[in-house]
Structures are given as C-alpha cells and as structure tokens.
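Asker: For the protein sequence lines, the chains are B and Z, in the order given.
So this note's numbering is basically just the index in the first sequence, starting at one, shifted up by 37.
So this note's numbering is basically just the index in the second sequence, starting at one, shifted up by 37.
Think of the hints as simulated: they come from the structure by calculation, not from any bench.
This one's a predicted model, so the numbers in the text were calculated from it and none came from an experiment.
Some hints here could point you the wrong way.
If chains are identical, the list can't say which one is meant, so a pair holds when it fits in one copy or spans any two.
[Claimed, not checked] Simulated crosslink set (BS3-like; lysine-lysine; CA at most 30 Å straight-line):
no.	residue 1	residue 2
1	Lys134	Lys114
2	Lys174	Lys216
3	Lys245	Lys216
4	Lys174	Lys83
Protein chains: 2
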Amino acid sequence: MSTAGTLERGAIERGAIERGAIERGAIERIVREIVLARAPQATEPKLVVSISARHVHLTDEHVERLFGAGRQLTPMKDLYQDGFYAAEETVMVVGPKRKMLPTVRVLGPTRPRSQVELAFTDGISLGIDLPVRPSGKIAGTPGCVLVGPLGVVELEEGVIRAERHVHMNDGHAAHYGVKNGERMSLLIESSCSVVLRDLLVRADATSKLEVHLDTDEGNAADLDHAWKVELLRQN
Amino acid sequence: MSTAGTLERGAIERGAIERGAIERGAIERIVREIVLARAPQATEPKLVVSISARHVHLTDEHVERLFGAGRQLTPMKDLYQDGFYAAEETVMVVGPKRKMLPTVRVLGPTRPRSQVELAFTDGISLGIDLPVRPSGKIAGTPGCVLVGPLGVVELEEGVIRAERHVHMNDGHAAHYGVKNGERMSLLIESSCSVVLRDLLVRADATSKLEVHLDTDEGNAADLDHAWKVELLRQN
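Put together the whole structure using the sequences plus the hints.
Answerer: Okay, structure coming up:
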C-alpha cells in the first residue's frame, strides 16, 4: 500500500526562469517536479511530487481587466496534469501596508473564481496571515490587489495557502485503499527527511497520481535532493 | 519517552521587527519560539521549539572589519539558550550573480569562524545551493561576501543550511534514552502537521531543551498555529 523507489535525477524538472522581470528575493522556479520513474514493483503506480511556487488563478473577466479587453491566457508550459499550464502572464500581488510580490505567475485555464496561492514565507513577506484551504474553498479568506499591465483587480477574498494534497484517479484510490476526501501521508527521505501528514486525497476518474506541495514544504524536506518519496496510508 | 502538551498561545514569542531597514520580501522575524509551557506530566521536561530566521555568526576580527576597529557586538535580544543573543548589528549577504539579502541579523557571542545560516528559500533567492551541515562543520561549503557599514569580508566558506537539531542537557538525554549525536523526530500537529525526522541530538551539561528549526521548516508545519509538539525517539 505504498509507492517507493529511487529518484531518477535527470527527471527533476525545473520551471522556466524569467530573468529580466523577477526581483531579487523572488523564488524563480514555477513548478518543480520530482518524478519517481522507477517503481519498486511493477504494480506500483508512478508517483510524481510537484512543488508549486506562488501562483494565481484568474477568471476570464479578470484576465481581460488585467491584460486588456479580449485577451486570453497564453500557455507557456504544460503542467503534469493534462489540460493545465503555466501562462506567459504574470501579475503583481499587493498586500496590506503596500508590500508586494512583483511577479506572480498565472496558471491556466481560467476558473469561475480568482484565487492566489502563496507559501507562508510569501505571506509573511506580504503581511498576510494565510489560511490553509483546499483550492476553491475561499469564503472568508483574505483579499489582495492584483496589478497587471493594463488594469487592476481588487480581490475581496481568495488569498490562501493551498492545503497539501494528492491527485489520483479512481484506480489509484483503489490501489491505496483510500477514498476522495480522505487523508494520506507522504514520506520524503533526504538530508532533511520529513513525513508530511494529512494530505487531502482528491480522486476522480482521470487525474494522474501527483502530490502538490508548496515551496516551504519542498524546501523544508529538500525535495530536490531526495532519494525516496513514498505515499502512505495514514493511521 | 515523549514530551507533549497543548501550546500556551501567549507564550509564542516573536523576534523584534526592524521596519526601516528591511526590504520588501524579507522575513522579518528573527526568532520565533513555541513554548510548551504546560507539560502533560510533571516529570516531562519543558520543550521549546524555536525557528531561527537567516542569521550570521562572526569572528571578532570580522566584527571589526565590518563595523569598525575596536567594535564589539551589541546585544539586542537574549535568545533562549543562556549567553546567546541577537545583536543590533546586521550585514548584507551577497551571493554569486550579485544577488543579495540586504539585512541579515548577527547573532552573538562571536565564534572562532564566521558562518552564515540560511533557509533553502533564502539560498534559492541568492543563487546558492546550500549544503545541510551541523553548525561549525563548514569545510568545503560555499562562500559569500558580507558587507557591513564600514567594511567588507569575503568568506571562502561557511554558508550552510543548519541541520535541524535539539539542544538538551544530560538529564534530558537520559530522560529520552538518547545520547549526544543520535537522532530524534519532532511531531508538529497543526493544520499542516509534519514529522521532522533525524533531528541531531546535541547534549551537554547545561543546555536547555530546545529544538532549532529554520523558517522553511517552521512555515511548512505552520508552527505558529500548532496545537501540539512532541519529541519522539526515532525507530
């Protein structure tokens, strides 16, 4: 009931680095993925652990307000889950006290509600005490101001730390003996080994098996240099 | 063989915030301490979990080169371990490619060798691939440039991510059944629960019981809002 194996070093993927626009102090990697290409048993599903740096999801309306009438997002890099991508577009996220993050990547496709996903390190630098929420559950969360090249959007809510979670299809869920909405643990073995508890299971018909962590979690565990990742049923 | 209890909310201590000098994006808290004031059993030692933000240790010689001939560090805030303090002095840490952290706190007292302790998030922003080392074991580690108000020091080595560790006295070690140099685990229960494995045990005659984490680890676990911390023998 676990997936484990050695890491394929070459499979570590780093997101595009935009050298010109990013300020000193910014985390420059959009998405880092640790791919467990070699499973210990043929029956084990392939496990990918991805680190999502801070990013923004936008509505169609907000894309137009920030980037101009008629504008749509421009896909720059496909994400691991089919149909999702990092866009060319970035926005400035402004918090209270006029602190800001100058260049935060927009992920596509657009959504019914805009949402900003930050790590706690980002929240501290912005002066926002981030609530931990599953994606989309943003009622009562803090807001912020988004600044794009052609306009500004004031979000009344939607700034969160995304709750760590694992995407999977129904076959993976059956393999691990878990159901959508249940919890699992992720063991990361490295020079800074951790067990991340309470990963929310998000199971549906079609998702690939993928854990989503944020940069604080990935950095705490030194995921880039990990030699083993293992998904565990939680006792 | 564990220490556990609820957190006393008022006991959470935040380091001084220096508003003028710190740049946007900087983590402004020097030391955060989570104090387990109420132990579940009278026999359990009091456990403190502290988060150290990025900081620098300096030699006497480097203090004079950075801050002026004859200068000594000026204690600003006592740390939990007796005799240690955050100093008034800060330095700029410059990495390769002229990226820098403008205001990094100096901790005292001075040491035989200068050393820079950063979180991976800091290392990424500086462009330094940090090795994980116990404090003082800096042979072969990356260097950097330190800039003070009156001088500059080029460190040939000494930039590390400090290995997570737990200070204790010999009585605590006997209580937990561990020896200096062995490993323990720390359970943090919060909205982002984790088990941090392989904490290095640093036992001596006089230290208080205190876990030292960095900001990535503290943020990954949301230590500020944790309801339980527990030190565990590692299997």
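Asker: Give a verdict on every hint.
Answerer: Consistency of the hints with the structure:
In this homomeric assembly, Lys134 and Lys114 come within 30 Å of each other (Cα to Cα) only across copies, at 26 Å, whereas the closest approach inside a single copy is 33 Å. Taking the shortest Cα distances, Lys174 and Lys216 sit within 30 Å of each other inside one copy (20 Å), while across copies they are farther apart (46 Å). Proximity of Lys245 to Lys216 under the C-alpha cut-off of 30 Å is restricted to the intra-copy arrangement: shortest distance 15 Å within a copy versus 44 Å between copies. With identical chains, the CA atoms of Lys174 and Lys83 are at most 30 Å apart within one copy only, with a shortest distance of 29 Å there and 38 Å across copies.
Violation of the numbered hints given earlier is absent; every hint is satisfied by the structure.
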